[in-house]
Each structure stands twice: as structure tokens, then as C-alpha cells.
Amino acid sequence: MLDRKFIRENRDKIEALVEAKNAKLDVDQLYRLDGEVLRLKQELEGMRKKRNELSTEIGKQKKTGGDASQLMAEVKAQDDKEKELNEQHRKSEDEYLELASWLPNIPDDSVPVGKDESANKLIREWGKQPEFAFKPLPHYELGEALGIIDFQRATKIAGARFNVMCGKGAALERALISFMLDRAGEKGYLEIYPPFMAARESLFNCAQLPKLEDDMYRLPEDDMFLIPTAEVPLLSFRAGEEIKTAELPLLYTAYTPSFRREAGSYGKDTRGLIRQHQFDKVELFALTKPAESFEQLEKLTADAESILQALALPYQTVILSTGDMSFASTKTYDLEVWMPAQGKYREISSCSNCTDFQARRAGIRFRDENKKLSLVHTLNGSGLAVGRTWAAIIENYQQQDGSVVVPEVLRSYLGGLETIIAVKD
RNA sequence: GGAGAGGUGACCGAGUGGUCGAAGGUGACGGUCUCGAAAACCGUUGUACGGGUUUCCGUACCCAGGGUUCGAAUCCCUGCCUCUCCGCCA
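According to my numbering, the stretch in the first sequence is residues 98 to 522, in order.
Quick caveat, the hints were computed from the structure, so don't treat them as lab data.
Incorrect hints may have been included.
Unchecked claim - Below 20 Å or equal to it, Euclidean Cα-Cα: the simulated DMTMM-like pairs (lysine to aspartate or glutamate) are:
1) Lys441 / Glu238
2) Lys341 / Asp465
3) Lys468 / Glu344
4) Lys218 / Glu444
5) Lys138 / Asp191
6) Lys121 / Glu310
7) Lys118 / Asp312
8) Lys308 / Asp320
9) Lys147 / Glu181
Stated by the list, open to error - Label pairs and their calculated CB-CB ranges:
10) Pro387 / Ala230: 48 to 54 Å
11) Leu316 / Lys188: 29 to 35 Å
12) Leu135 / Asp109: 18 to 24 Å
13) Glu505 / Ala230: 18 to 24 Å
14) Gly163 / Glu190: 21 to 27 Å
15) Gln158 / Arg129: 43 to 49 Å
16) Lys138 / Lys341: 46 to 52 Å
17) Glu140 / Ala336: 30 to 36 Å
18) Ala399 / Tyr128: 39 to 45 Å
19) Glu283 / Glu392: 17 to 23 Å
For glycine and all other residues, C-beta sits at the position ideal for the given N, C-alpha and C.
Working from the sequences, and respecting the hints, build out all of it.
In C-alpha cells, the structure reads:
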């Protein structure tokens, strides 16, 4: 949610925003409703004032045994008008809020302007792409040959875009989660283990709603959703709270699965682990003072990058253009890991500064230097998407004989295992 | 799932129809005292929106949404949440 006064006083910026982020809403209607709400509210408050004054007077009369019937009739006389005004005001207000909830957050000035991902900009590259004396295989072929992942049988359980990991494959997934959580813990993030389902309000606070309702799995009887990212529970964890200023910045990390319907992505990445309905992720999340959030974004991004570096996986860091950014973000870095079989970099993390956009919806505040209640800023980043990391390891560490070398930092998590080899049957 | 109790300001807690935005306490802040600190004492301390804009005025808010009433934190209804007991269950 954007600040209402800001919207009111910056129509030019709002129009530019709607253009830059490809938002779909009727700006004229938004401003018409805002004006109407203000007008109705003023009129309504005037009537309430009169009613309050008369009621007080009636109270006094009754106390002293005077006759209040005249006054009571006077109050009664404005009932209908007041009721109607109230109704109109509420209706306009609801319509306004509904419309305003479709306004995305405003991109930071440092973000490249562009319609889509073609305008994204490379920030830096890290690591050397491995050279193979043979044609590197995709992770799904290798993984199936090694017997550590099974896409075929997963369909019997849940259909397409799911997977079953087996043996060392399952252990590798678990090792990655533990490794990432441990690293985040070392960097000062508090580990959180939250619910994997969330109420409608949590999704709205996070700005997954209203825009992404069709992209989520829903439990209609309870009006709950399977979380599409740990960002949802981590934001709502402190919703409605006044955070003690000395506590900021608050850093949280959480492992959760993420559930996404991937509606509208038919035919994209149909093979392998890149695009699944359920995938594991270790999330990094931060609440900061406003003045520190962009600095925190650099730190948080660096923290995510450090995981890739520790795993010695080549990657590049990209800043997303205005048209490619998510709804709530003002500035987003994507980390893209090298996938040898595709010969491409693929997104493995996305780190965003949502400034006060989510905090306003969730009501998370603190006392600033002037002791005024202010909204905190929220940031989130994957650190990292575990399934895609799994895939990147299999592909980057593959050997000619079809085995996969285990990255050194993971070996202690796998009982010292150095190489994943095919299970003989 | 069944029965009961309850949800009040940063926190604890009083308040069962009018003068209650709300006692008291804690915390925080300012001051007195002190070399300094603690203690003690005095004072200050809600949010949002709208209007005027130098300290001002108004409206709303005592979980949320409806209702009764001239008037509701206080009465009624619904929902959500918490606690206790029973049942069920990993």
C-alpha cells in the first residue's frame, strides 16, 4: 500500500508508476473516489459533531430533571440524512481502498527503466564457468540415472511439476537446507520455523493479494492459502507490532517449502527442477529503519551471494528493470546461477527492498529519532531456492562417468560423502 | 468437535449506559536532589484522519463487523483470537 497523502499529492508520479510497472487500474476513478471520500467525510463529521453536542446537552437536562424531548427530536431529525451519508462514505471508501490496493510500490531512482526483463542490467559476475571435456547433461537426466530423483513416479502422487527425491538426493536437499540456515545464523539472522499455511490477511499484507490470488493454492473452507514464499509468514510474524527501536534491524531466516500453481507458465521449464509446484527455499528477511533499508538490501544480497560462493557455483547478479520487478518491491537484485546443460544463467534468488509498502499493510512500526511512530522497511531475499541449488550442483559438479562431486562445504552435512554415484541394483 | 471464561492504551490492570480517550501501576521522557548513579519526589507521555496551520479545533478508535439508544468500552447479535475442562488425534 502506498501512503494516501502521497497518492493524493503526486498524481503525476502515480501515473508514471502505473506506466512503469504495467499496473492495470483506472487512475481517474481513483482520484475521483478519493475526492468523494473526503467530501462525504467532512459532511458526516459535521453531523456527528452536532449529534454529540446535543446528546451531551440531553444528558445534562436529564440529570437536572429538565425536559429534553425537544432536543431528542432535533437529533432524531438528522437520522436519515446521517445514515445515508454514512452508507455513501463507507461505499466510496471501500471502492477507493480496493482500487488503491492495485497500486504497486514505486521503483527506486537507481532502478533501470524498462518494459520487461530485456532492460535488466548486469551488476557483477562471480566464479568461472566449469569446462567439460564432454557434453554436460541436464540435472534431471543425471539425477534420474543416479537414482536420486524421480519425476515420473511423482506424477502418481500429485501430477506434473512435482518430484520425489531419493537416497542421497533427498539427503542433499536436507543438507542444503541445513547449510543455508547455518550460514544465515552465522550472519545474525534468527532462525524461524513458521506455519506453511497463511490466512488471507497475511497474504494481503505481503501484497501477494489481490494481484496473485490465482497463482496460489487455496483452501476454501478455511480461506487459507499454502504459502508461496516464507516472506508471507515472516512478515506477518511481527504484524501490528511496535518494534523497539533498539531491536532494529531485525534479521530472520526460515526454511519453508513454497507452493505455486504456476498458472500461465505452461510449456516453460517443463523438465527438471526449475519450475515446480512445491519447492524448498531458505528465506532471508529483514526489518529496518527507513534510512538503512537500501544499505541492508546490499548486505542481504551479499549474504545470499555468499552461499553461492561457498558452494563455488558461478553466478551473476542482475538488477531488475521497472517492468520486471515484483508488485511490492522498489529495487530488486536477482542472482542467476550458471546451468551448464542449458548454457545459461538461471534465477536462483531474488532480493528486494519493499520499503514501507508491506509494513503499511501489516502495521509494523517503530519510534524514530523524533519519537514519532513510523513504518519500518521490509526486505526479503531467497538465500537460496534449494531445488534450483540442488540442480545447479548436479550440473556444475558432474563428472564424465555420471557421478557428481559433493561441494566441500556440504560434506560434513552428508556424513563425509565426497561423490554421489549411481546405486547398483 | 462439546462446555465454560475472557479479549481495555508500549505493558499490567480498573471501569456494566451520559461529565470516559478512559483510574491506578509499570515502562519511557523531562526536572529536583547527587561529584555521578540509584532511591525518593514533581511533571510529561495514545493513534489515525480531516480542517486551520505557533502551542488550535473536529471526527473516529477500549479485538473485528453489525444492532439497540438522543447517547455504548459498558447492552444485544455474528465472527476472529486466547485460556480452562472434556472428547479425538501425531
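Hints, verified against the model:
no.	hint	in the structure
1	Lys441 / Glu238	holds, 17 Å
2	Lys341 / Asp465	holds, 10 Å
3	Lys468 / Glu344	holds, 15 Å
4	Lys218 / Glu444	holds, 14 Å
5	Lys138 / Asp191	holds, 13 Å
6	Lys121 / Glu310	holds, 15 Å
7	Lys118 / Asp312	holds, 19 Å
8	Lys308 / Asp320	holds, 16 Å
9	Lys147 / Glu181	holds, 16 Å
10	Pro387 / Ala230: 48 to 54 Å	holds, 53 Å
11	Leu316 / Lys188: 29 to 35 Å	holds, 30 Å
12	Leu135 / Asp109: 18 to 24 Å	holds, 20 Å
13	Glu505 / Ala230: 18 to 24 Å	holds, 22 Å
14	Gly163 / Glu190: 21 to 27 Å	violated, 39 Å
15	Gln158 / Arg129: 43 to 49 Å	holds, 44 Å
16	Lys138 / Lys341: 46 to 52 Å	violated, 34 Å
17	Glu140 / Ala336: 30 to 36 Å	holds, 34 Å
18	Ala399 / Tyr128: 39 to 45 Å	holds, 41 Å
19	Glu283 / Glu392: 17 to 23 Å	holds, 20 Å
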